[in-house]
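2 protein chains.
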Amino acid sequence: MSKTVKAPPATVADDELAALVAHWQAANYLAVGQIYLMSNPLLTEPLRPDHIKPRLLGHWGTSPGLNLVYTHLNRVIRAREQDTVCVWGPGHGGPAVLANSWLEGSYSETYPDVRRDAEGMARLFGQFSFPGGVPSHVAPETPGSVHEGGELGYALSHAYGAAFDNPDLLVACVIGDGEAETGPLAASWHSNKFLDPVHDGAVLPILHLNGYKIANPTVLARIPEAELDELLRGYGHDVLHVSGSDPAVVHRAMAAALDTALDRIGLIQRAARAGGTAERPRWPVIVLRTPKGWTGPTTVDGLPVEGTWRAHQVPLSGVRDNPEHLRQLEAWLRSYRPGDLFDSDGRPTSQVLACVPEGAHRLGSTPHANGGLLLRELPVPQLERFAVDVDAPGSAVHEPTRVLGGLLEAVMGATRERRDFRVVGPDETASNRLQDLYRATGKAWQAGTEETDEHLDRHGRVMEILSEHTCQGWLEGYLLTGRHGFFSCYEAFAHIVDSMVNQHIKWLKVSRGLPWRRPIASLNYLLTSHVWRQDHNGFSHQDPGFVDHVLNKAPEVVRVYLPPDTNTLLSVADHVLRSRDYVNVIVAGKQPCFDWLTLDEARAHCARGAGVWPWAGTEREDEGPDVVLACAGDVPTQEILAAAQLLRLHLPRLAVRVVNVVDLARLLPDTQHPHGLSDRQYDALFTRDQPVIFAYPWLIHRLAYRRTGHPHLHVRGYEESGTTTTPFDMVVRNNMDRYRLVMDVIDRVPGLAVRAAGVRQTMEDARLRHHAWIREHGTDLPEVADWTWHPGPRGTRPAPA
Amino acid sequence: MSKTVKAPPATVADDELAALVAHWQAANYLAVGQIYLMSNPLLTEPLRPDHIKPRLLGHWGTSPGLNLVYTHLNRVIRAREQDTVCVWGPGHGGPAVLANSWLEGSYSETYPDVRRDAEGMARLFGQFSFPGGVPSHVAPETPGSVHEGGELGYALSHAYGAAFDNPDLLVACVIGDGEAETGPLAASWHSNKFLDPVHDGAVLPILHLNGYKIANPTVLARIPEAELDELLRGYGHDVLHVSGSDPAVVHRAMAAALDTALDRIGLIQRAARAGGTAERPRWPVIVLRTPKGWTGPTTVDGLPVEGTWRAHQVPLSGVRDNPEHLRQLEAWLRSYRPGDLFDSDGRPTSQVLACVPEGAHRLGSTPHANGGLLLRELPVPQLERFAVDVDAPGSAVHEPTRVLGGLLEAVMGATRERRDFRVVGPDETASNRLQDLYRATGKAWQAGTEETDEHLDRHGRVMEILSEHTCQGWLEGYLLTGRHGFFSCYEAFAHIVDSMVNQHIKWLKVSRGLPWRRPIASLNYLLTSHVWRQDHNGFSHQDPGFVDHVLNKAPEVVRVYLPPDTNTLLSVADHVLRSRDYVNVIVAGKQPCFDWLTLDEARAHCARGAGVWPWAGTEREDEGPDVVLACAGDVPTQEILAAAQLLRLHLPRLAVRVVNVVDLARLLPDTQHPHGLSDRQYDALFTRDQPVIFAYPWLIHRLAYRRTGHPHLHVRGYEESGTTTTPFDMVVRNNMDRYRLVMDVIDRVPGLAVRAAGVRQTMEDARLRHHAWIREHGTDLPEVADWTWHPGPRGTRPAPA
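Top to bottom, those sequences are chains Y and X. The first sequence maps to residues 1 to 801 in UniProt numbering. The second sequence maps to residues 1 to 801 in UniProt numbering.
Keep in mind that the hints were calculated from the coordinates and are not lab data. As the structure is a prediction and not an experimental result, all values here were calculated from the model. Any given hint could turn out to be false.
[As the list claims (entries may be wrong)] Now the in silico label distances, taken between C-beta atoms and shown as ranges:
(1) X:279 <-> Y:358: 48 to 54 Å
(2) Y:343 <-> X:771: 34 to 40 Å
(3) Y:395 <-> X:684: 54 to 60 Å
(4) Y:275 <-> X:50: 56 to 62 Å
(5) X:226 <-> Y:275: 23 to 29 Å
(6) X:45 <-> Y:450: 38 to 44 Å
(7) Y:764 <-> X:323: 40 to 46 Å
(8) X:754 <-> Y:689: 28 to 34 Å
(9) X:684 <-> Y:754: 32 to 38 Å
(10) Y:358 <-> X:721: 35 to 41 Å
(11) X:519 <-> Y:669: 42 to 48 Å
(12) Y:11 <-> X:785: 54 to 60 Å
(13) Y:681 <-> X:580: 48 to 54 Å
Here a beta-carbon is modelled for each residue, glycine too, at the ideal position from N, C-alpha and C.
Model the full structure from these sequences, guided by the hints.
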């Protein structure tokens, strides 16, 4: 069993120490300046109320700790020429990261109007948390960032995602002790069981215990150190401690700890890459214990501030109106001796910059944090190799996701050397029938193995852990650093990452407005084991709402696809794998599904996004339909086609049009979504005045409410009515079955109610027969289980353009 | 430092051991029977294909382990007369829990048609995972359950929630090693820093390592045991191990481990309750390591099954058509010797039942798992004590949540002795201005303390941890066991628990259909720090979508309230605190907000849910309005009133009606939601044909799309356009500001476009002035910051009933 390693004594020379302290002081000064100052940035005159921002926003508490980490990462990066990215978990400490970027010059290179001089410093201060300026947190706007600092929980999984397949990269990751209480962070410690010391880079977690959150102490800061060490060793780490409040002591200890950590990482990597032991290494972790709001006001208005939660945001409030606070602020700022840190033009002194690395080694300039710079086109093979033959619609069945697995296998194979594609999933890759992937690669695994195991591989690129949060975090980190990926997940449990995908969509939306951020590969979800085929797992697994959730977000970033069959899934997958800067959600089944379209037809259908299926309808040339049957998704499509077939049989003179929608955003007006149909296109497809029966999902109403024909639109979808039952009973319970759809047509087409009363009764009878049958047999009615599509005799007019 | 304690040798006598094994065998038999058999439950004749279910559904893998735990909990419960609830984390092992409930008789008492005899056994088998029967997972239908077994992650936080304020209760909690990989579970280990050994019961986690998930090994089963011990000790536990595959060995070890654990828990509790040490105790945890699918087929078709992931669900497939599988199944079933376990009538033998407890001590009969039985009316005080005086609308401002804090303080005070009310939140109780609570109780905290801390209390009933998942899990467990609670959270980060609230809503929906489940207290959210007042934290904190999310779920369970001012918030809070079986979501601000309604007016307004504010409009008696300005929520209401005031000033002859909506579900048709307005009521409020400008939120369209007047409805809400800026700039950026609303009126009221072109330009100019001002000053325009409501001169007709 390993034991806790205390950091060895100082390894830095006195002049290097002085330079480190100077850099840290400069960063602290700049952080305070951003929070407080509108002008007089170098304190060349006594501080006056009008130098102070009218509204004080920002987080001071974590900033001195982040400044310490940045300063010391600079030293080791420069000394070792070490490619490094840092994930700033306490990213609400935006002032700190901005300060360091400005000091190293990466900020001015990214934003030339904020120069590294007094005028630039004034801009740096003035823009912070100011309307039209920059956010108070680390954000896409922040050079060197791959991690929004606002929502907590994902720092470490992002860090691992960045490190995978980046063998020369060091990913430092600061974890606040507040963030450490979140579930996603707690789970992500175990990511080290998935990190390959041969092909992946290193992650160095730096657990920053400053003791308090917004208003409470933190759990990890208040358990005995021995217990914390057990916890971190239990996570598989060796622990290095850096503690204190005396800057000289802490700086020496931090330098030593970082050297120790990087030396150890080097040993681990060299041993593994030399073909050494296959034993999982114990990677180092640094526990950094410094006061919250360190170097800030000790007390304010008689209450302790430094070292308490009161330092979390703005320690001195109302500075414009409170002379004592103004005096304290000036003393605080001057305590850093800005005159020693910046020359009269406001440029950092050479001492301040002595340990700062150069060029792309600067944390604010690394291309890994602007992944689009490194992104290569994904070698997606020709779909013809995988497409299924479709002689006629409905003449064969395939499992769509199994066929997709072949395509993904080929992509995995084509990236064998490049290693820039990974597939993640919460223990469901095989359940989702993507197991052909294992012919090209194994499942990443560094923990123990047993003889019965299959497909585990120290160097595998399929990632499985039973944590949707960790999967999502890994993938985001991987994409943001310029690689490609694919996430397969049960539909219902995609909601677990609702909040994470929100943040990623926001990140992409903002990034798209920043010319210097290059487009990255899209985040692609395959939601399978969807609501209609969770009959076996029951009610808890039945939830189709993830598409509603994502379509609530920035429309320019989000795409939702519901391919109705295998070739359409292939075409959609090909499209999303090549796309950039989107969140793509594909909902597709893994169960056997009729093939409706050839590959060429599927491609054309996907290009349109929504279209008439002339072979499925009964409308004549040059006549409009009496009713439109519309559908999205595999099971709804099957029910709509079965309903169309019943209508053809029972009401042969009714003119039915069948419309299938693959790309849900097509239903939105083109004024609201780049994929939206114009009103003319929409009306041509759905008519302006005929009844439309739309099978699934309810959000159709939200998408289509502005359309002329909307009052005639009737949606059938999941009604939150489920249990463990049969597949067809799922659609019956939710009133989306073929019989109900036929009844809907009869109820809504003028004049049919009376004329087709007998047909309606036949449908009612079929539903009753269904109920009786499943209660006796536990399976679906033979007429449903054995249903096939029979082509109709009548021609139709082609789909409107 | 504590060390791992191996379970001492057996403490059970041989006959007791035999009885335990017999009970376990019986439970295993019943679990297999449920998965496979339609008839011939006692194997009184050779097994034939027609005895087998046509569709094989269920999870065998975890069942023998759950059966072991249930069997041994029975023993200690009976021996110690120990009130106990068990949370079955691997609740997909439904067959196991059902089997044990049937054996102990609680099943037949809950469902008298499933008797404890051969016929009842046949029903038990036949109904499992069968249409019209019972779900395959532990679910609300399962006696003794407070935890849906489908979605993983929440077992331990539910267990702690059940234990809080239940000093005599033992809450056992089985955690699967799959579930242990999830974030929410990983975070919830630290719940022991919040468990008060004086006033709370005990939680006994039983980490069940059966080694595999659906298709992969589990992380915790594949790290060295010493590392696992460090991890669990790092979580603050003492570790007891039970390992093996020889039933006799494992049963002895399990009995000993449970005795040791319960003895130790007793020592801890007695010491604490005798006023002993204030040091946080090390609670025991049991690590149970047994094979997946233990006692099931060793190999099937030449592949290993027992002890591998292949045992996860149905080890033998296609049994009807595969004679070899049929033979294996029969051998497997007969290996349990059913003839020794059940008499010829199918009743369990006395040996099988020897260790089973009686009455309410049975796990399937404990009232704690049917919390409504124990629920007491919450003593909510008279609101008059807290209401703010409102001489005239808009004549004063209050911080709504701060006033609410007083009400919650009073409830907390009134439950001081009863201890059946808790407030949870992720480190935001004070930030959300509910800090008056601390006058009545402190914040639960058992970890270390320092002098600077405030309000920490070993016995406190405010619960704060920076994990929304843990907060939600605690509260659910607390409510499900018959107590009351309140959850305050930043609006944007409520999405973190999207998936959890889904499951709780599903639980409540199903429970409502079960007459034996008594109603429990509602789960009440206060979402504050909402989108309009996250100007300081920026884009990552701006997300109003949680209400969209919950309104997607079962309408009979979900209520959403947007009180526009302080007294309305009080009235809503009073209502939700008294309600049962709902998920109530309140969105209300913490910033100073104008008071619009007196308490009596607020009560009347809440009773209606939506109504005209006659004092705010300008329509005359007996005339309809030219335009309806509608609003929901505090900031939208203020903008609508400011717009109404501008219209009164600039277009005095325009007849404006102001409608405020508190209860969002009122907008739904009464056919879709119990709170929905009839069409007649809706039309009376909003008119059938006049323009309606509705400020916030977008989902208004989804709620109101069926209404006659819907084509005239124009919604302004959050457009996912945010950053760090000023409060008013947030509404301007999202086009919901007063000036834009006036422009919307001008654009939509027929004839105004030309007549009011000048006014429209004035509004445009105001927006330009705003942009220029905030860029220069960083604050809002004085005319906005200092805005107040001026009463209008004109009367209006009263609101339609």
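Do the hints match the structure? See the list:
no., hint, verdict
1, X:279 <-> Y:358: 48 to 54 Å, "holds, 53 Å"
2, Y:343 <-> X:771: 34 to 40 Å, "holds, 37 Å"
3, Y:395 <-> X:684: 54 to 60 Å, "holds, 56 Å"
4, Y:275 <-> X:50: 56 to 62 Å, "holds, 59 Å"
5, X:226 <-> Y:275: 23 to 29 Å, "holds, 27 Å"
6, X:45 <-> Y:450: 38 to 44 Å, "holds, 40 Å"
7, Y:764 <-> X:323: 40 to 46 Å, "holds, 42 Å"
8, X:754 <-> Y:689: 28 to 34 Å, "holds, 32 Å"
9, X:684 <-> Y:754: 32 to 38 Å, "holds, 34 Å"
10, Y:358 <-> X:721: 35 to 41 Å, "holds, 38 Å"
11, X:519 <-> Y:669: 42 to 48 Å, "holds, 44 Å"
12, Y:11 <-> X:785: 54 to 60 Å, "holds, 55 Å"
13, Y:681 <-> X:580: 48 to 54 Å, "holds, 49 Å"
Checked against the numbered hints above, the structure breaks none of them.
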